[in-house]
Amino acid sequence: MSVTFDILLLLFLITTALAVARAKDLLAAAIIFSSYSLVMCLLWQHRGAPDVAMTEAAVGAGITTVLFLVAIARTTRREK
Amino acid sequence: MQSFFWGVGIFLLVNAFACLWRASAGPTVVDCILAVNIIGTKTLVVLVLLALVFGRAMLLDIALVYGLLNFVITVTAGRLLETGRLAGDQS
Amino acid sequence: MKTTQATTVLFAFWLVLTGSLGPLDLALGVVLSLVLGVWAARFLWPQDAPALSPRQAVRLLLYIPRLLASVLMAALQVAEVVLDPQMPIDPVIIGHRASFSRAVSRVAFANSITLTPGTLTVDVDAETFYIHCLAERFATDIATGDLERRISHVFEE
Amino acid sequence: MISTADIRDATTVVLAAFGALFFLVGTIGLLRLPDFYARTHAATKCDTVGAGSLLIALAVFNGLDASTGKIIALAGLVLLSSPTTGHALARAAHRTGLAPWHAEKGRTP
Amino acid sequence: MLAWPHWLVVVVLVPLLGAVLTPVVSLRSRHVAPWWALGVMSVTSTAALFLILRVAAEGPFSYLPGGWVPPYGIELRFDEFSASISVICLIGWLAVLYSLRYVEWLREVPKQRIPYYYSLLLLNLGGMIGFVITGDLFNMFVFLEILSLSAYALVAFSGEHIAEMAAFKYLLMGAISSLLVLFSVGILFGVTGSLNMADVATRLASAEPVAPAALALGMLTVGLMVKAALFPVHIWLPDAHAIAPSPISAVLSGLVVKIGIIGMIRVYQIYNSANMIDLHMLNQTLVWLGAISIVMGAFFAIFQDDIKLMLAYSTISNIGYIVMGLGLSTNSSIIGGSAHVFNHALIKATLFFAAGGLIYRTGYRTLTDLRGIGRSMPLTCIAISIGAISIVGIPPTAGFFCKWYIALGAFEADQPFFGFALIFGALFIFIYYIRMVNAFYFQAPTRPEILEVEEAPASILFPTLLLAVLCLTVGPIPLTFIKPAAELLLAPLGG
Amino acid sequence: MLQALWDNLDYVAPVVLFCIGLYIIIAKNNLIKKFLGLNIMETAVFSFIIALGVVDGGDAPIMGADARAPFASPVPQALVLTGIVVAVSTTALALSLIIRIYRQCGTIEADELREME
Amino acid sequence: MKKAFVAALLIITAIPLLIGVAALPPHGETTAPVHTHISARYLMRGAEEAGADNIVTGVLLNYRGLDTAGEVTVIFTALVAGLAVLITRRKEPGAKADSAARGDVPAPPPVSPVVSFVVQLLAPFIALFAVYVILNGHVTPGGGFQGGAILGALFIALTIVLGEGRTRSLMPRLALPWMQGAALISFVVVGVLGAGLTGYFLGFPAEASLHLVRELMMLVLEAGIGLGGAAIFATLFLQMEAE
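Chains as they are written, first to last, in this note's numbering: chain L, 7 to 86; chain F, 2 to 92; chain D, 5 to 161; chain W, 2 to 110; chain U, 18 to 512; chain R, 83 to 199; chain B, 4 to 246.
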């Protein structure tokens, strides 16, 4: 079961990364990136690294995303 | 019980995977934000499941962190979408 | 009053977090919840504090089961809609006027609307709540002012 | 022989399955419903119920100890934040002029 | 004093703490910031002096923060290569002094930013010092990040039109290269289970699978190559170095790109002593890349009119010399290459300082506009000329000895072709510096007003002239100093 | 080879993510998008380093009453914690630069910026 | 053309990486060098030697304390760099009437009262939770940096709902640089204290009689990192938002 879970998480990660690549709207890309970080956090929790998981949840999914959002607010949302 | 929890975890993950399609396909950005928020809720539950599977109560803190930040991000993104600015001006 | 309540609730939260009754943890918890309680009451909630009198707190506790029941109903109703191949919905946005004197009741009202079957608060003006309904029939409970009365019963009196 | 542990496990399984079911409904709703507002309905309600009942299931399984409080706090957080985010997003969509879908026209006007 | 063990941690933490406190001390008045930075650099230089005296007296030594024995804790290690902190401190100190007037003069820069400039400069210098003296792979990465991040911001500091773009280009490539370094530190940790360089070297010798270690080596090389701006990945350098404020250009060109080289030296030392991978092919590649860099850099420099852009291209070609020297891996070429790390720092800092002086006084930065400046700013132009002959490699200047040793190494290694490439490159370099000197002294001014300008102010002139004098005199010193270290490079680490 | 890749799936997935990130950096024009790509790359490397320290059935390296061996190695986790901080710092600086670039040039598309130079 | 180039570059990146990682010691086995060398000692003796049940915190603060000092310097660098890039002339102290200069831009509409209320309701709880994460880093997952990030996120959320004016008062001008530098300053203070006690910079006394001191030193470090991190994130956010 654990292995299935692991593989599913890895697949999920790759899919989210591709979704980030695909998104035309930068806001959508940044938000999907936050869910990428979140899945990463899940993966690390599963791998026995709760400290890193928490950091990723707080920093990767939280602060980084918010910084991206500010940058998008200050520039433009559309990718040409 | 362990395998039941794993099963539930995998089931939720598959669900989240399905939500990802909505996040990616849109059609509007709000859909994307909503979908990601939902992925967040599902994943939060998976985090709690993992904490119980591993039998370490302290891992619940991570779920709590994520729950809070998921809320903050969604609100921020909604605000950005609504006004194009972030800081409010309520004097 | 506000400060005491906030401090108490925060201290309870601290106990939940640490889950320990060691003297050091307890002392730290008291100090921290005092500081944060004062900060919250003075800085965050200068006007519309979410503080409740004991009677209101009891009513809130009585209201929560009703709310949970209606959330359950709401979820079942969504399931009904979603699993029906025809998807019997006809969404409308309606405006509903409701006057509350406290922010906490407005928020409770808005969130209760969102959690009751078929309705979703879209926007809140000073008095008017714009509500998205999956179908006209779901709005009856709100239009009759039933929900509004319940909320004011809990928070306003 | 039915021990308390069995009752506990059974309750957990039932509640968890119930929660998972609602998560599934929420997902289907998110994928199937025609427009953003309708999807928000599905998302907020089903997620609140799903997460809530799953978390309660886990709390029951965990028994009564310090971490149960945390699980309950999480459930409370979900109960509070889920409708709020739903509202925030709906408001954002409304203010940016996203019109709701109407059944008779079958498309967004 | 000499035996006080804590100098090694003082020398890295004082600039960093000084940087953190810079915004604090300049709360009341921003004019305190430069003097504060100068004081911090003075303390650092004192510490560096004691360290160098100690290493000269008793050879390499180390310090263990936290008191944990090496593989378990971090080790700060001071050896002969670490003596390059002398150059870092010297140029850093002079750059702070130089900035005193220069930064105030930059028109695009809001005055509020200025304390942050000194803070960033101190962080940059502290990061470099830390990078040079650490004996731990991951600690090296951390210091690499401190110095790179501050370098990116310093490039953007001038606020000119394309400064931010240049900085962004630098940042993007720099971030990818740091990532490669981190990746390979991870792989090395996976293969050996250790992070201490000496320990990694001994454990790598017995490590079973060769492929991951080779991959780590390749990625480290590429990553550090980007930092050093070697040929295929040099594209960030010209813009960044030309657009930065002149004291920063001196620090970047003189010191920061050398960090990549010093990192390579450290890494190859690990692999050399582990002796598990035949480095011959890699070395050959490096020699080729070095040769191409020499020729390319010199070739592009010829066509530049902007003096700072010209100097920036010249940096690429000089990095080529150093890398070629290391890649040839004979005794004398390594000595020449590593000595050039020191000497080129001095020379390039002289040139950028002098160029900055010209720009400060005239406001022009192209050769066409600066024609005839030699008459009104004689001292600065003499400094430029000294730098020019030194970088071409005319005896008895600093540049000569290094290039001589590298060429010697090429013939020693039986690859005379590269010796000729080196001489060919020197010829190119000669052409463009002659062009510069010619414009300053012998051509009629296109802008008559530059004949009226005064000599640069003392805080700008003093660093320039001091470095010029050093270019003329200290050339052979690094050679003698580096010899034992270079022999170490070919021998196992940690004895 | 394929068998080895399958066995080391936890190392291979980060490589795939790394390449996706690299693809975004090279192929996309938008600077913010490029930086999202860089963040993906960074996270991929972190995930690789974490995978190095994993033990099958291992527990989190936190001692206490409910801890039971074997434990995952703590060193990679410490490294990654530092790495995450470095990554967020780089991102913050890059985004500040992007904001300034947009202020000055009115665009954050790499090709348009190149034309402007 | 460009597509071919991208594809080629990706392939020449991917193939060596795959070959390299495929040959690494098998994943998840305890015999790998990662587990047998330094980690083994950390796990075996870390809890008593470093004084933290959470070995990761022990490694971060004690065994590899200098790395963490570097890490907090990196984030401070990011702050200074961000400020150096973002401060523009418009915000000079003379031009205090900032809002007048921006008069043509209409004030943004307020946040939905529901969101605003919920955020304000949750704020003290989030703050308490952040402090808990900071102070319990040595026994549970978490620590200064994570808690600091949560505090920073809280600050950002409050700024969004309350506006910049009211949250600024949390960061008084004179104390702000101290708060931003708190992390490295606390490292230096603790490091010097450690040098006095053990003879090594950043050394933590291991004697049983000084365990309380060691605990206190760790708490100071964690609190410093948390405060510094929060202040830095908050400042960066405000600066980027105000640009």
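These are calculated hints, taken from the structure and not from any lab test. We treat Cβ as the ideally placed atom computed from N, Cα and C, and that holds for glycine. Some hints could be false.
Stated by the list, open to error - Among the chain F residues that face chain R by a calculated CB cut under 10 Å, a handful are:
no. : residue
1   : R57
2   : M59
3   : L60
To be verified - In silico lysine-lysine, BS3-like type, Cα no more than 30 Å apart, as pairs:
no. : chain 1 : residue 1 : chain 2 : residue 2
4   : L       : K86       : R       : K110
5   : L       : K30       : L       : K86
6   : L       : K86       : B       : K6
To be verified - If you anchor each label on the Cβ, the simulated ranges turn out as follows:
no. : chain 1 : residue 1 : chain 2 : residue 2 : range
7   : D       : R46       : U       : E125      : 25 to 31 Å
8   : U       : E125      : B       : V216      : 30 to 36 Å
9   : U       : F479      : B       : V216      : 45 to 51 Å
10  : U       : T383      : B       : V9        : 55 to 61 Å
11  : U       : S476      : D       : L28       : 53 to 59 Å
Against the structure, the hints:
| no. | hint | verdict |
| --- | --- | --- |
| 1 | R57 | holds, 6 Å |
| 2 | M59 | holds, 7 Å |
| 3 | L60 | holds, 7 Å |
| 4 | L:K86 to R:K110 | holds, 10 Å |
| 5 | L:K30 to L:K86 | holds, 8 Å |
| 6 | L:K86 to B:K6 | holds, 17 Å |
| 7 | D:R46 to U:E125: 25 to 31 Å | violated, 44 Å |
| 8 | U:E125 to B:V216: 30 to 36 Å | violated, 51 Å |
| 9 | U:F479 to B:V216: 45 to 51 Å | holds, 49 Å |
| 10 | U:T383 to B:V9: 55 to 61 Å | violated, 37 Å |
| 11 | U:S476 to D:L28: 53 to 59 Å | holds, 56 Å |
The structure is inconsistent with the numbered hints 7, 8, 10, although it conforms to all the rest.
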